[in-house]
Amino acid sequence: MSVNTILFDLDGTLLEMQTEPFIEQYLRALGRYVGDACDTKKLIALIWDATKAMITSQEADKTNEQVFIEYFREHGEWKVEEIWPVFEAFYRDEFPKLVEHTHPSPWAKQIIAGAKAQGFRVAVATNPVFPRDAIHHRLAWIGMNPEEFELVTVYEESHFTKPNPGYYLEICKKLGVEPSDCVMVGNHMQEDMVASKVGMKTFLVTNWMEDRGEPSYPVDQKGTLEELHQAISGRSGVFAS
1 MSVNTILFDL
11 DGTLLEMQTE
21 PFIEQYLRAL
31 GRYVGDACDT
41 KKLIALIWDA
51 TKAMITSQEA
61 DKTNEQVFIE
71 YFREHGEWKV
81 EEIWPVFEAF
91 YRDEFPKLVE
101 HTHPSPWAKQ
111 IIAGAKAQGF
121 RVAVATNPVF
131 PRDAIHHRLA
141 WIGMNPEEFE
151 LVTVYEESHF
161 TKPNPGYYLE
171 ICKKLGVEPS
181 DCVMVGNHMQ
191 EDMVASKVGM
201 KTFLVTNWME
211 DRGEPSYPVD
221 QKGTLEELHQ
231 AISGRSGVFA
241 S
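Here the sequence shown stands for residues 1 to 241, where the numbers follow UniProt numbering.
Since the hints were derived computationally from the structure, they do not count as laboratory data.
Be careful, since some hints might not be right.
What the hints assert, rightly or not - Calculated lysine-lysine pairs in the DSSO-like style (CA-CA distance at most 30 Å, straight line):
(1) K197 <-> K173
(2) K41 <-> K52
(3) K222 <-> K116
(4) K197 <-> K116
(5) K174 <-> K52
Assemble the whole structure, with the sequences as input and the hints as a guide.
Pasting the structure below:
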């Protein structure tokens, strides 16, 4: 069966950036913002632990948001009802300023336009450990919006995260496709190329490539963003008819 759907990672792929330095700046900004409301170090540690709870969760009946909030409620010293409005205000007012720690380029829009011109269905398969607002802001940084994709994974609606293969199977279910219909495009060996385990083809973007060493997964094709654009627009390699 030929490929008809392309899943695109966001951070380090469509949105050019180095993930770890960005996360560091994000946590600093969040810490400064909530500093007057609570103990910053304790809060950041709790956020990390709640995020780990999402990543390791196997509870298919709970969204990532539910897992995060439950952990936060059980292990934190703050009332969710009091701290959540602070978080929401941060994502609305402060998070957009973090664009200065990324390197948006025209390639994202050109790649998506090329994919649509070739008749591919397109979705954003970004790790859903962030709220919807934070992910939509990052799309705006590359001049795009959620309506341009059939699906954008967010933590309010997803039940798994990368690198859980269940994350990719859930995307297939939502789109009504088989894994063999899809190519996963991403820059992270462990989080994105794991899609091969469920039967997806993979394209590893090398501009901002990340690889922790282990585990290692098969890569069907790799190249720069320019080479990705050429492959999609020319329907070559893993994108061939």
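Quiz item: Within a Cα-Cα threshold of 30 Å, do K197 and K173 meet the stated pairing?
Solution: holds (16 Å)
Exercise. Assess, step by step, whether the Cα of K222 is no farther than 30 Å from the Cα of K116, and give holds or violated.
Key: holds (20 Å)
Self-check item: 30 Å Cα cutoff - pair K41, K52
Solution: holds (17 Å)
Practice problem: Measure nothing beyond the straight line between the CA atoms of K174 and K52; if it is 30 Å or shorter, mark the hint as holding. | Solution: Measuring from Cα to Cα gives roughly 24 Å; hence the hint holds.
Exercise. Please work out if K197 and K116 have their alpha carbons no farther apart than 30 Å.
Key: holds (26 Å)
Going down the numbered hints, you'll see the structure goes against none, and every one checks out.
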